[in-house]
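Q: For reference, the chains in residue letters:
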Amino acid sequence: MASVTFQEVTRSFAPGERPAVDRLDLEVQDGEFLVVVGPSGCGKSTSLRMLAGLEPVTSGRVLIDGVDVTGRRARDRDVAMVFQSYALYPNMTAGENMAFALKNLGVSKADISTRVAEAARVLQLEDLLDRKPAKMSGGQRQRVAMGRAIVRDPKVFCMDEPLSNLDAKLRVSTRAEIANLQKRLGTTTVYVTHDQTEAMTMGDRVAVLRAGQLQQIGSPTELYERPVNTFVAGFIGSPSINLIDSVPVRDGRAVLTDSLQIPVPGAAGRAADRVTVGIRPEGADVVGAGAGNPGDAGRLPVRVARVERLGSETFAFVDPVGLVAGSTGRADHLVFRLDKRLDVREGSELVLTVHSAEVLVFDAAGSALS
Amino acid sequence: MTALAPQDRPESRTSDSPSPAPPSAAPHERSSPLSRVGGYLGLLLVILVVALPLYWILISSLKERPDIYTVPVTWVPDPFTAANYSRVGTGVAFTDYLRNSIIITTVLTVVEVTLGVLSAFALAFLRFPGRSLVLLFVIASLMVPNQVTVISNYALVAQLGWRNTFAGIIVPLAGVAFGTFLLRNHFLSLPKEIIEAAEMDAAGPLKMLWRVVLPMSWPTLIAFVLITIVTEWNQYLWPLLMADDSSTAPLPVGLAQLQDTAGLTNWGPVMAGTVLTMLPILVIFLLLQRHMIKGLTAGAVKG
Chain Y
1 MASVTFQEVT RSFAPGERPA VDRLDLEVQD GEFLVVVGPS GCGKSTSLRM
51 LAGLEPVTSG RVLIDGVDVT GRRARDRDVA MVFQSYALYP NMTAGENMAF
101 ALKNLGVSKA DISTRVAEAA RVLQLEDLLD RKPAKMSGGQ RQRVAMGRAI
151 VRDPKVFCMD EPLSNLDAKL RVSTRAEIAN LQKRLGTTTV YVTHDQTEAM
201 TMGDRVAVLR AGQLQQIGSP TELYERPVNT FVAGFIGSPS INLIDSVPVR
251 DGRAVLTDSL QIPVPGAAGR AADRVTVGIR PEGADVVGAG AGNPGDAGRL
301 PVRVARVERL GSETFAFVDP VGLVAGSTGR ADHLVFRLDK RLDVREGSEL
351 VLTVHSAEVL VFDAAGSALS
Chain F
1001 MTALAPQDRP ESRTSDSPSP APPSAAPHER SSPLSRVGGY LGLLLVILVV
1051 ALPLYWILIS SLKERPDIYT VPVTWVPDPF TAANYSRVGT GVAFTDYLRN
1101 SIIITTVLTV VEVTLGVLSA FALAFLRFPG RSLVLLFVIA SLMVPNQVTV
1151 ISNYALVAQL GWRNTFAGII VPLAGVAFGT FLLRNHFLSL PKEIIEAAEM
1201 DAAGPLKMLW RVVLPMSWPT LIAFVLITIV TEWNQYLWPL LMADDSSTAP
1251 LPVGLAQLQD TAGLTNWGPV MAGTVLTMLP ILVIFLLLQR HMIKGLTAGA
1301 VKG
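Heads up: the protein sequence lines correspond to chains Y and F, in order. Per the numbering used here, the first sequence starts with residue 1, numbered consecutively. Per the numbering used here, the second sequence starts with residue 1001, numbered consecutively.
Among the hints, erroneous ones may be present.
Straight-line alpha carbon distances no greater than 20 Å define the calculated SDA-like cross-link-like pairs of lysine to any residue that follow [said to hold, decoys possible]:
no., chain 1, residue 1, chain 2, residue 2
1, Y, Lys-103, F, Pro-1215
2, Y, Lys-103, F, Glu-1196
3, Y, Lys-169, Y, Gly-138
4, F, Lys-1192, Y, Arg-75
5, Y, Lys-103, F, Ala-1124
6, F, Lys-1207, Y, Gly-106
7, F, Lys-1192, Y, Asn-165
8, Y, Lys-103, F, Leu-1214
9, Y, Lys-155, F, Leu-1214
Hints were generated in silico from the structure; no laboratory data involved. Quick caveat, the model's predicted, so the values are computed rather than measured.
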């Protein structure tokens, strides 16, 4: 068990080009499960590989347990990695795959067999120990890859999208298994994914990366409710937050329609000319027929363009009616989550009441106002 | 090699069998009868070009001397005779040449495969300054025909006093540019994650080579071994220059010798000697080729 620290870590592949990872500062506590998330090409895998020792660091320092390991080889860092493709040794059985590292480290035979047996028990791999990877299913291979990491009892686990090759159902169950396993073992874990559901459900904290730069790090709830900028707001949450650009500010309120005016927080925000407003899909309710009229404060009349029914919930893609001139939604439509019992059809008109306390306001550059 | 390969076979077969089926079935269904006939004609032509000289060698070795020259040609020896084969042994010291060939080919194959694997591993996986320069040298040496260096090699080896010795024949032939190049490219085609996983699993370079890289490389390695054996078994020019007598000369030189002693028109014993020279290689080829199967990385990585 150990803490992990990135100090101004930069990795550039070619001089003159934008670095893949740009002065990354990150602190992972002992025993913490940190999820690093971002779109492809954001530098999340590169960061992980620099921690594992598979990628050289251009500048900055990587510390494990307070010790500078920047110049150390992968094998001397006591870090185990689970690869996206599992990377099992095809010529070895599951048991041999798990024992390989221990053998290389000079662990005694008796010790190896107890540790492999223990890992196999935890991961329910006992029946597969004599089987080679080619004769296993994807989920089984994934578990062997996990087993190979945990038998070593390393200081840090590095996981590079370990679930992305599993089918959707297996992914959900394995997600929980990995999170439970990590809690039980208490090993510091850095987990890279592009899947924001994994990020929200698995990690103690989540770090969002974009173009090699750390955007925000915090608990999943923090990222969801208080994103620092429109990128984080748009990346976390599914379906994405509704962002409306160039909303004019009048008397300290962002004016979306005549009826819907959101108070802009912060002095700088109130002084701004135009802001970006973000409304989560669950941030509005449908007003029942006859309850007040569309002109009441906080009301947003919309026209339904498309409806997606998922069984448990319904998503309505809508166009706002009477949006103030100059403001535009970033996506084609605004999306709102509705009660599945509600009978909504394409073309019908609804009146929504927006929970203005949950509405996020960003300045023109995209940073959150508070 | 032989201990490992049979274990690997069944699973590679199971994993491979579903995938090749659709591509081979599809063009078969689409092709018209005409193009299929054309395809078979092409195959037949290739078989004739390859097999006819071999068949000719075989029947000539089984014919009596006057029958070899009959016009029109006879395609089946009449009568069959094995006399040419016994003449091979009496004409020249065939067993001596055979022994020399085995020594030279074995030593050269072991040396070349070892050097080839080690140098390819270094060029593919180890990071050291001047790596690309070394690779460039290796590739450049592939571009130089052997005959060009014969004279300077001869001068050097003669100076060392190695004429008519095995060292003199073997050492100048032991360079492995082709093997290095072939194996390096193969190593680079292996899934990168597995090499990285081995690195994380604290495998040193030799362990990585022996336990991780080579088990995924047997088909390529065996192909390289076969090519090396055939090339070295057939070496002619350099041994001819180096060896003076049957104490060091290999079979191809012995065959030429046989032609001199048997008389320039007496092809029967020469053809019989040729058949005997080909046999060991044929056996080795048949033994090794069944291990040249693909799919050893099956199950290693996904996606």
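Q: Determine for every hint whether it applies to the structure shown.
A: Hints and how they fare:
no., hint, result
1, Y/Lys-103 with F/Pro-1215, "holds (18 Å)"
2, Y/Lys-103 with F/Glu-1196, "holds (17 Å)"
3, Y/Lys-169 with Y/Gly-138, "holds (13 Å)"
4, F/Lys-1192 with Y/Arg-75, "holds (16 Å)"
5, Y/Lys-103 with F/Ala-1124, "violated (25 Å)"
6, F/Lys-1207 with Y/Gly-106, "holds (13 Å)"
7, F/Lys-1192 with Y/Asn-165, "holds (17 Å)"
8, Y/Lys-103 with F/Leu-1214, "holds (18 Å)"
9, Y/Lys-155 with F/Leu-1214, "violated (30 Å)"
Consistency note: the structure conflicts with the earlier hints numbered 5, 9.
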